[in-house]
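Please take these sequences and the hints and turn them into a complete structure.
2 protein chains.
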Amino acid sequence: MSGGALAGIRVIDLTSVVVGPTTTLYLADCGADVIKVEAPGGDLMRTLGGPSKSGELSSKFMHFNRNKRSLVLDLKQERGRAALHRLIATADVFVANIRPAALERLELGAEALRGRYKRLVVCNLMGFGRGGRYRDRPAYDTIIQGLSGVADCNRRAAGEPRYVPMVFADHVVGLIAAQCITAALFQRERTGEGQAIEVPMFENMAAFVLAEHMGGLTFLPSRGPSGDLRLLDPMGKPVPTLDGYICVSANTDAQAFALFDIIGRPELKNDPRFSSVQARLANVRAYFDVRAMSFRTRTTAEWLEILAKADIPAGRMHTLESLVADEHLADTEFFRAVDHPVEGKIVDMQFPNRFSAGNRDDYRPPPLLGGDSVAILREIGYGGDEIDEMVKSKATIDGRRG
Amino acid sequence: MSGGALAGIRVIDLTSVVVGPTTTLYLADCGADVIKVEAPGGDLMRTLGGPSKSGELSSKFMHFNRNKRSLVLDLKQERGRAALHRLIATADVFVANIRPAALERLELGAEALRGRYKRLVVCNLMGFGRGGRYRDRPAYDTIIQGLSGVADCNRRAAGEPRYVPMVFADHVVGLIAAQCITAALFQRERTGEGQAIEVPMFENMAAFVLAEHMGGLTFLPSRGPSGDLRLLDPMGKPVPTLDGYICVSANTDAQAFALFDIIGRPELKNDPRFSSVQARLANVRAYFDVRAMSFRTRTTAEWLEILAKADIPAGRMHTLESLVADEHLADTEFFRAVDHPVEGKIVDMQFPNRFSAGNRDDYRPPPLLGGDSVAILREIGYGGDEIDEMVKSKATIDGRRG
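These protein sequence lines are chains A and B, in that order. Counting in our numbering, the first sequence runs from 16 upward without gaps. Counting in our numbering, the second sequence runs from 16 upward without gaps.
Keep in mind that the hints were calculated from the coordinates and are not lab data. Fair warning: there could be bad hints in the mix.
Okay, the calculated beta carbon distance ranges per label pair [as the list claims (entries may be wrong)]: (1) A/GLY259 / B/ALA297: 26 to 34 Å; (2) B/GLU208 / A/ASP377: 17 to 25 Å; (3) B/GLU348 / A/ARG134: 25 to 33 Å; (4) B/ARG300 / A/PRO249: 22 to 30 Å; (5) A/ASP400 / B/ARG145: 49 to 57 Å; (6) A/ASP286 / B/THR105: 27 to 35 Å.
The beta-carbon is built from N, C-alpha and C at its ideal position, and this holds for glycine as well.
Written as structure tokens, this is what we have:
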């Protein structure tokens with residue numbers, strides 16, 4: 016077995032793009048055997064995430080799909096559906112981000128699965144909760160970012176509506192789903208029974224954003240505007256230095272007063288606008304303006320030394336390139352070069368969390384489309400002839416190469 | 016018991032601000048009994064997160080701390096430390112975001128705790144992995160955003176380095192920690208043993224950002240620039256309409272071709288720049304420019320109807336205010352008014368995920384500082400006189416009101 020807290024757990028993964036692959040990545044990194052069931056066309060992220068030698072292993076796909084196996088099944092064919100059910104019978108978890116109506120046509124609705132497999136944990140990732148009027152709408156990351164207030168937060172902070180430049184809603188909701196599934200597995204150990212979980216993206220992202228930004232609207236009647244005004248302040252951003260930018264955070268009195276000292280403005284400690292957490296909150300613009308004007312005189316490296324001595328949290332602003340070359344990450348062997356059977360040498364990132372009982376200790380390179388079809392079909396009892404038949408009828412693809 | 020997949024699990028929570036409170040919020044929402052152990056000064060977020068009637072229940076604090084109980088212990092006093100150990104002896108999980116050296120001074124280091132409490136799951140949230148040179152640096156959300164490339168992604172997309180305007184790194188890493196803890200609880204059911212987990216913020220956020228944006232640097236030697244150029248494109252943003260903005264996502268051929276039809280540019284389907292996923296990826300700027308120019312002629316509502324008919328994912332851009340008034344969220348009873356004993360009526364957001372075996376079915380309003388001290392000390396066997404002594408010596412605070 017692979018090792019890791021979820022070793023011995025098998026996950027059948029009918030998801031694609033980001034939200035589902037994120038969910039199962041965290042399960043895989045904890046040791047689960049994740050079988051990625053792909054339609055013959057493959058996960059769109061194989062190509063959408065950028066070019067690759069193979070044409071099917073974009074960099075983004077690879078980072079979200081290491082430690083998983085790929086089985087191609089054409090679920091439009093009876094043979095494909097039958098194989099999927101034989102596989103589910105061996106599994107602990109079933110995850111899908113397919114719309115409920117389509118799942119039901121495939122006899123993969125939560126109720127049908129729970130009826131057949133009492134110990135199965137079924138997780139349906141959906142755009143919108145089933146009780147509301149958006150339930151049949153498509154959910155794409157940008158759509159959810161727009162609906163959940165992410166773009167509006169950026170508008171308030173930066174003057175223009177923008178998305179967070181990541182597949183952000185998917186990625187966050189994938190983490191939430193991974194925790195929900197793991198909690199259901201925990202409960203199954205106690206009760207012996209599986210269950211079905213519904214994880215709606217919109218509601219989760221609304222909660223994610225509004226936990227931070229409901230602000231005065233949290234009180235009834237409201238006691239002020241929405242939004243955490245510190246975070247939404249246009250000046251709440253990295254601060255220019257002589258040669259770049261620096262990130263500085265001085266929240267407590269001790270930190271703020273030390274900041275006033277090192278920038279040569281000790282009198283501000285007694286300024287009623289800045290003399291307490293609440294005062295600085297009420298005068299956040301003025302406080303950030305002081306900060307923004309104070310660091311242009313020295314280089315980032317000089318300031319980092321001064322700030323560290325004064326016990327004021329600060330850090331450099333990495334570019335993506337300098338991040339990849341970061342010395343601390345080198346110390347912790349965060350990056351490692353691995354040989355991919357088709358792509359050649361690639362950079363893998365370590366799962367960063369350390370479990371004293373042991374982390375997953377094997378590594379599977381991101382799979383080719385159907386690269387594990389034959390092995391998995393054999394594992395669930397298919398004979399060589401049956402597999403040949405399935406390949407011939409295109410119910411599966413044998414994606415092995417070389 | 017509370018119900019929920021983690022019902023019966025007790026969590027001792029020595030965290031504050033956002034990363035730890037997020038971790039334990041998700042555990043609490045799944046039914047765990049989370050005891051928030053606060054120093055006499057209380058979690059900084061009580062004030063930093065905005066004003067409140069009580070002066071200690073900012074809106075942000077409330078959203079991250081519902082369904083938890085607050086016990087004040089002064090760990091600088093022997094009495095406080097003794098009470099904490101009596102409490103830990105009753106617990107399943109211990110979470111802290113205190114620096115390792117300080118934890119060890121309090122005899123709360125992972126090894127010490129594991130030695131005494133074999134079944135305990137210990138989770139240490141840390142800024143940086145212990146094996147690297149940043150290990151003693153302070154980790155604040157903005158610092159981690161700057162270091163992990165978040166601010167640089169915004170620079171590339173929008174021309175200016177900015178943070179995501181949320182306590183984003185904390186919030187994401189809190190979700191990761193919740194999943195890790197839950198996985199360790201699962202494993203404990205199988206092995207009978209607890210373990211210690213280290214969750215470093217920087218490494219987790221580097222992985223979060225680079226999974227999306229390592230791009231061509233994923234290959235060795237590199238095959239192109241870092242970054243998902245679709246997401247980092249300056250035009251990858253909500254699109255102006257006659258009366259506002261609309262969020263539109265057309266990734267597949269079917270979606271892109273339908274888009275060209277409805278904007279009256281069917282000839283673009285045969286344009287080699289736009290005729291496949293890979294072509295649109297290589298010409299993303301031109302593709303987004305077409306999109307940006309095409310929606311100014313009608314209102315958002317008109318476009319939403321047209322796009323829905325053409326099966327092109329689209330949505331409105333909510334403001335935080337319109338999000339709170341969203342009709343789908345009203346349908347699903349996502350928001351509910353609850354009576355807070357001190358703050359009066361407040362808006363709570365439902366945990367959005369549905370577990371068929373049952374969600375947590377009680378609700379605890381966000382606690383006053385030390386509001387549960389007396390009840391918890393009684394539960395772990397303290398007599399009335401002992402509790403009075405502790406209050407008198409300020410080893411605890413009895414925060415009950417009214």
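Consistency of the hints with the structure:
{"no.": "1", "hint": "A/GLY259 / B/ALA297: 26 to 34 Å", "in the structure": "holds, 32 Å"}
{"no.": "2", "hint": "B/GLU208 / A/ASP377: 17 to 25 Å", "in the structure": "holds, 22 Å"}
{"no.": "3", "hint": "B/GLU348 / A/ARG134: 25 to 33 Å", "in the structure": "holds, 31 Å"}
{"no.": "4", "hint": "B/ARG300 / A/PRO249: 22 to 30 Å", "in the structure": "holds, 27 Å"}
{"no.": "5", "hint": "A/ASP400 / B/ARG145: 49 to 57 Å", "in the structure": "holds, 54 Å"}
{"no.": "6", "hint": "A/ASP286 / B/THR105: 27 to 35 Å", "in the structure": "violated, 47 Å"}
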